[in-house]
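Protein chains: 2
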Amino acid sequence: MIAVLRLGHRITRDKRITTHVALVARSFGADTIYITTKDSTLEHTISSICQRFGGEFSIHTGVKAKTLLSQWKGTIVHLTMYGEPFETVLPTLNRKKDILIIIGSEKVPFYYYDIADYNVAVGNQPHSEVAALALFLDRYTTGTWQTQKFKGELEIIPSKKGKHVKSR
Amino acid sequence: MIAVLRLGHRITRDKRITTHVALVARSFGADTIYITTKDSTLEHTISSICQRFGGEFSIHTGVKAKTLLSQWKGTIVHLTMYGEPFETVLPTLNRKKDILIIIGSEKVPFYYYDIADYNVAVGNQPHSEVAALALFLDRYTTGTWQTQKFKGELEIIPSKKGKHVKSR
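Keeping their order, the protein sequence lines are chains A and B. This note's numbering puts the first residue of the first sequence at 1, with every later residue one more than the last. This note's numbering puts the first residue of the second sequence at 1, with every later residue one more than the last.
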């Protein structure tokens, strides 16, 4: 199981970024996302995309991070630009275990650096938690997200020009 | 030269997403970003990060997209979930040419699908232009963004726990 934990989501300010984080989690092979702030609109947005485009992805908001982390049996990875290079850490991860990937927002308390088994950087330059999650999942899944079948009501057929959408 | 063209940036709504797009462009090896809406605050934010963290990245806002595209001598790639798989297109690109990567926001007019040499999908699921740009640049630069030296005033030193920042 691949899970993502999004910390410190602020409903107004982070609305679009957290939506992107959740959609990236779904598209790049995660099974679920936990968000610490309760946000029914966000739940609805993501569930609606899952319904139309398929897959088994789930979203849970209003989750208590410390409870989740203290009960987590698998690996905990915290994505931060201060961490160790992801290409160094990835080969050491046991893929048979469940993994929980923590994504911060602004200031992340030291507690999360401490509880994580690995603090992992996707580059040590400031960029985006959306990009960091996408790159980490791309490597973690060894690119298998590209061939995943979502079997939704809607399926996009790759095209040289324009939009080709198949409805079931 | 690697350039990014961000279409349809809405100052309030897209503030954080466009900031992430620009920072991803910089971190993953692009040289410049063009943004069609004039936004001095965004210019200031990105220039300030470039000043502190280094590199030669530049930002231009209030750019006329059609003028830029009509004068562009290199390859034009439009990232869209409706396009052809990026892993199929990437090996066919001539890396000696300059490349302009178009990133849309909501509805992208057909003009851009038409003028692009390639409409390229980073997966055919809805996710994020931030993630799509990061993945495309990661593959286009064959991962060399990871060893790029930015030589800024601030440099982050990778750490197992906590934050280690070196100031020059």
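Some clues are possibly wrong.
For identical chains, the list gives no copy identity; a pair is met inside one copy or between any two copies.
Below, computed lysine-lysine pairings styled on BS3-like, alpha-carbon distance capped at 27 Å [stated by the list, open to error]:
| no. | residue 1 | residue 2 |
| --- | --- | --- |
| 1 | Lys97 | Lys160 |
| 2 | Lys15 | Lys38 |
| 3 | Lys15 | Lys107 |
| 4 | Lys151 | Lys163 |
| 5 | Lys66 | Lys15 |
| 6 | Lys15 | Lys97 |
| 7 | Lys64 | Lys96 |
| 8 | Lys160 | Lys66 |
| 9 | Lys166 | Lys15 |
| 10 | Lys96 | Lys15 |
| 11 | Lys151 | Lys64 |
| 12 | Lys163 | Lys107 |
| 13 | Lys149 | Lys66 |
| 14 | Lys38 | Lys163 |
| 15 | Lys161 | Lys107 |
| 16 | Lys66 | Lys151 |
| 17 | Lys66 | Lys163 |
| 18 | Lys160 | Lys107 |
| 19 | Lys166 | Lys73 |
| 20 | Lys64 | Lys161 |
| 21 | Lys166 | Lys97 |
| 22 | Lys64 | Lys149 |
These are computed hints drawn from the structure, not numbers from a lab.
Structure-based check of all given hints:
For the identical chains of this complex, Lys97 and Lys160 are inter-copy neighbours only, at 21 Å across copies versus 40 Å inside a copy, given an alpha-carbon limit of 27 Å. Proximity of Lys15 and Lys38 under a CA criterion of 27 Å is satisfied in both settings, with 12 Å inside one chain copy and 23 Å between copies. Proximity of Lys15 and Lys107 under a CA criterion of 27 Å is satisfied in both settings, with 17 Å inside one chain copy and 19 Å between copies. Taking the shortest Cα distances, Lys151 and Lys163 sit within 27 Å of each other inside one copy (18 Å), while across copies they are farther apart (43 Å).
Taking CA atoms no more than 27 Å apart as the test, Lys66 paired with Lys15 passes inside one copy only; the shortest distance there is 23 Å, against 31 Å between copies. For a Cα distance limit of 27 Å, the shortest separation of Lys15 from Lys97 qualifies neither inside one copy, at 31 Å, nor across copies, at 38 Å. In this assembly of identical chains, the alpha carbons of Lys64 and Lys96 lie at most 27 Å apart only when taken from the same copy (26 Å versus 51 Å across copies). Taking the shortest alpha-carbon separations for Lys160 and Lys66, only the inter-copy value of 20 Å comes in at or below 27 Å, while the best intra-copy value is 47 Å.
For a Cα distance limit of 27 Å, the shortest separation of Lys166 from Lys15 qualifies neither inside one copy, at 29 Å, nor across copies, at 33 Å. Taking the shortest alpha-carbon separations for Lys96 and Lys15, neither the intra-copy value of 33 Å nor the inter-copy value of 39 Å comes in at or below 27 Å. In this assembly of identical chains, Lys151 and Lys64 lie within 27 Å of each other by CA distance neither inside one copy nor across copies; the values are 32 Å within and 40 Å between. Proximity of Lys163 and Lys107 under a CA criterion of 27 Å is satisfied inter-copy only: 11 Å between copies versus 40 Å inside one chain copy.
In this homomeric assembly, Lys149 and Lys66 never come within 27 Å of each other (Cα to Cα): the closest approach is 33 Å inside a single copy and 37 Å across copies. Within a single copy, Lys38 and Lys163 get their C-alpha atoms no closer than 35 Å, and across copies no closer than 29 Å, so neither meets the 27 Å cut-off. Taking the shortest alpha-carbon separations for Lys161 and Lys107, only the inter-copy value of 15 Å comes in at or below 27 Å, while the best intra-copy value is 42 Å. For a Cα distance limit of 27 Å, the shortest separation of Lys66 from Lys151 qualifies neither inside one copy, at 35 Å, nor across copies, at 38 Å.
Taking CA atoms no more than 27 Å apart as the test, Lys66 paired with Lys163 passes between copies only; the shortest distance there is 21 Å, against 44 Å inside one copy. Proximity of Lys160 to Lys107 under the C-alpha cut-off of 27 Å is restricted to the inter-copy arrangement: shortest distance 18 Å between copies versus 42 Å within a copy. Within a single copy, Lys166 and Lys73 get their C-alpha atoms no closer than 40 Å, and across copies no closer than 35 Å, so neither meets the 27 Å cut-off. Only between protomers do Lys64 and Lys161 lie at most 27 Å apart by alpha-carbon distance; the minimum there is 23 Å, versus 45 Å within a single protomer.
For the identical chains of this complex, Lys166 and Lys97 are neighbours neither inside a copy (36 Å) nor across copies (35 Å), given an alpha-carbon limit of 27 Å. In the homo-oligomer, the alpha carbons of Lys64 and Lys149 never lie at most 27 Å apart, since the shortest distance is 32 Å inside one protomer and 39 Å across protomers.
Comparing the model with each numbered hint stated earlier shows that hints 6, 9, 10, 11, 13, 14, 16, 19, 21 and 22 do not hold.
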